[in-house]
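There are 2 protein chains.
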Amino acid sequence: MSKIYVTGLGPGASDQMTVQAKKVLEKCPVIIGYTVYIDLIREEFPDKIFLSTPMRREVDRCRMAFEEAGKGQDVAMVCSGDAGIYGMAGLIFEIGKEYPEVGVEIVPGITAASGGAAVLGAPLMHDFAVISLSDLLTPWEKIEKRIRAAAEADFVICIYNPSSKKRADYLKKACGMILEYRKPETVCGMVRNIGRDGESYEILSLERLQDAQTDMFTTVFIGNSDTMVINGRMVTPRGYRDV
Amino acid sequence: MSKIYVTGLGPGASDQMTVQAKKVLEKCPVIIGYTVYIDLIREEFPDKIFLSTPMRREVDRCRMAFEEAGKGQDVAMVCSGDAGIYGMAGLIFEIGKEYPEVGVEIVPGITAASGGAAVLGAPLMHDFAVISLSDLLTPWEKIEKRIRAAAEADFVICIYNPSSKKRADYLKKACGMILEYRKPETVCGMVRNIGRDGESYEILSLERLQDAQTDMFTTVFIGNSDTMVINGRMVTPRGYRDV
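Top to bottom, those sequences are chains Y and B.
705 is the number of the first residue of the first sequence in the numbering used here; add one for each residue after it.
705 is the number of the first residue of the second sequence in the numbering used here; add one for each residue after it.
Excised from the complex, chain Y in its bound form:
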């Protein structure tokens, strides 16, 4: 039986890929993904059949994967980061109901929360919440409820999709809500282009984060009440008693 391997490339799609992901890409004759990610791996795997659809055509891309696998060949469906975190894994299972003869395996990757945390220092040493500010598929009221709950319970908060052209003020709105529960000097961080050319990061207060410029390649971290800056890095202490 041929299989679809839904494969996370990690943030940078090169060294941050797992050994397992690399082996999957070597094995599968067909690689399917959004154009931007395909372009990141095309040179490394020159002998493959690369197929793509434009952004927002996720359903078509999944169907394409099942059609190709139906021809009896293994298919790698690639995503940035982890295919299992806001990635294509869920949709593949949903559409897979129509293709019971094709197997599905998820190959995990480094998600932006892990990759971004490593750039900033160690912000995720304690309980954390991951929230996407994209309201394309989720009502804003639900996002707002989650932001408030995470802020009140003192989770470190990792924000995916902090803004886009249509949602320029969403991060500011989120920070405003969090400021009802946390101090303005709460340590925050943002990382842009994790693992790629032009990777950059900034550590700043929650108050200043409100007016920070972000885009769809930025991941934002809001510290908990214990998060501190040590030698220019963002660190949430775990609380080992004997330090």
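Hints may contain errors.
Which copy is meant is left open, because identical chains are indistinguishable; a pair holds if it fits in one copy or across any two.
Here are the simulated lysine-lysine pairs, DSS-like style, with alpha carbons at most 30 Å apart [claimed, not checked]:
id, residue 1, residue 2
1, LYS707, LYS876
2, LYS887, LYS801
3, LYS801, LYS727
4, LYS727, LYS870
5, LYS849, LYS877
6, LYS849, LYS887
7, LYS877, LYS801
8, LYS752, LYS887
9, LYS752, LYS877
10, LYS846, LYS887
11, LYS731, LYS876
12, LYS707, LYS726
13, LYS726, LYS846
14, LYS727, LYS887
15, LYS877, LYS731
16, LYS731, LYS775
17, LYS877, LYS846
18, LYS870, LYS887
19, LYS869, LYS707
20, LYS727, LYS849
21, LYS707, LYS846
Hints were generated in silico from the structure; no laboratory data involved.
Given the coordinates of chain Y, work out where chain B should sit on it, guided by the hints.
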């Protein structure tokens, strides 16, 4: 300047390691870690100096890393999963204040949330909270507040350290709290020994999860109100409108 590379091995410490992590281990003459993790990589890197301390001696292990790096050689400090998620990264920065001449770099790995999700299906397609039930370093009241907040705001919840000998009933207590906000038939999953020999998983209702047997190698996932079972896998739909 010599450096400490705080390196996540991923759940299974072999194919789920990143290419970058592998290169770091190849490069560093000294590898330090908890005995269990050292044993997982000893064969693959036979020419290294391996150093270790028993469990709970994390501070000693960090100091050992700085002492070795102080001798002018690069050191890999290895952890299971992601060094940046409940790992050693934070403590290394804290202790690093005393060793300003040694550089620190964090090399991310696949954490149990990513690795376990891939085994179960696609539970983390939407906002999620990661909570450790270990109250060794955190007051139980804080953990309880976080469980309640995450349950009420309909986060998918990923639980690390669900139980140990001393905390046999903690998962049951956590489920009891979550049942105040979620239906008994809420789809849940648990994964044991992710990426290692004896890997196993089970998908079950929140009501049944209350009485499930777990140990320190188990990661637990509690679905949100939309999470469903598709062909025996745990899937949280993202909500793509055009499906």
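Right, here's what the structure says about each hint:
Taking the shortest alpha-carbon separations for LYS707 and LYS876, neither the intra-copy value of 43 Å nor the inter-copy value of 37 Å comes in at or below 30 Å. In this assembly of identical chains, LYS887 and LYS801 lie within 30 Å of each other by CA distance solely across copies; the values are 25 Å between and 48 Å within a copy. In the homo-oligomer, the alpha carbons of LYS801 and LYS727 lie at most 30 Å apart inside one protomer (27 Å), although the nearest pairing across protomers, at 40 Å, exceeds that limit. Proximity of LYS727 and LYS870 under a CA criterion of 30 Å is satisfied in neither setting, with 39 Å inside one chain copy and 41 Å between copies.
In this homomeric assembly, LYS849 and LYS877 come within 30 Å of each other (Cα to Cα) both inside a single copy, at 13 Å, and across copies, at 24 Å. In the homo-oligomer, the alpha carbons of LYS849 and LYS887 lie at most 30 Å apart both inside one protomer (19 Å) and across protomers (19 Å), since each shortest distance falls under that limit. Taking the shortest Cα distances, LYS877 and LYS801 never come within 30 Å of each other, neither inside one copy (39 Å) nor across copies (36 Å). With identical chains, the CA atoms of LYS752 and LYS887 are never at most 30 Å apart, being 52 Å at best within one copy and 46 Å at best between copies.
Proximity of LYS752 and LYS877 under a CA criterion of 30 Å is satisfied in neither setting, with 44 Å inside one chain copy and 51 Å between copies. Taking the shortest Cα distances, LYS846 and LYS887 sit within 30 Å of each other both inside one copy (24 Å) and across copies (18 Å). In this assembly of identical chains, LYS731 and LYS876 lie within 30 Å of each other by CA distance neither inside one copy nor across copies; the values are 45 Å within and 43 Å between. Taking identical chains as interchangeable, the C-alpha atoms of LYS707 and LYS726 lie at most 30 Å apart whether they share a chain (16 Å) or sit on different chains (27 Å).
For a Cα distance limit of 30 Å, the shortest separation of LYS726 from LYS846 qualifies neither inside one copy, at 37 Å, nor across copies, at 41 Å. For a Cα distance limit of 30 Å, the shortest separation of LYS727 from LYS887 qualifies neither inside one copy, at 47 Å, nor across copies, at 41 Å. Taking identical chains as interchangeable, the C-alpha atoms of LYS877 and LYS731 are never at most 30 Å apart, the minima being 46 Å within one chain and 45 Å between chains. When the C-alpha separation of LYS731 and LYS775 is checked against a cutoff of 30 Å, the pair qualifies only within one copy, where the shortest distance is 16 Å, while the shortest distance between copies is 43 Å.
Taking CA atoms no more than 30 Å apart as the test, LYS877 paired with LYS846 passes in both settings, with 14 Å inside one copy and 26 Å between copies. Taking the closest pair of Cα atoms, LYS870 and LYS887 come within 30 Å of each other only inside a single copy of the chain (29 Å); across copies the shortest separation is 36 Å, beyond that limit. For the homomeric pair LYS869 and LYS707, neither the shortest alpha-carbon distance inside one copy (37 Å) nor that between copies (40 Å) is at most 30 Å. Taking the shortest alpha-carbon separations for LYS727 and LYS849, neither the intra-copy value of 41 Å nor the inter-copy value of 43 Å comes in at or below 30 Å.
Neither within a single protomer nor between protomers do LYS707 and LYS846 lie at most 30 Å apart by alpha-carbon distance, with minima of 36 Å and 44 Å respectively.
When the structure is compared with the earlier hints, violations turn up for hints 1, 4, 7, 8, 9, 11, 13, 14, 15, 19, 20, 21 and for no others.
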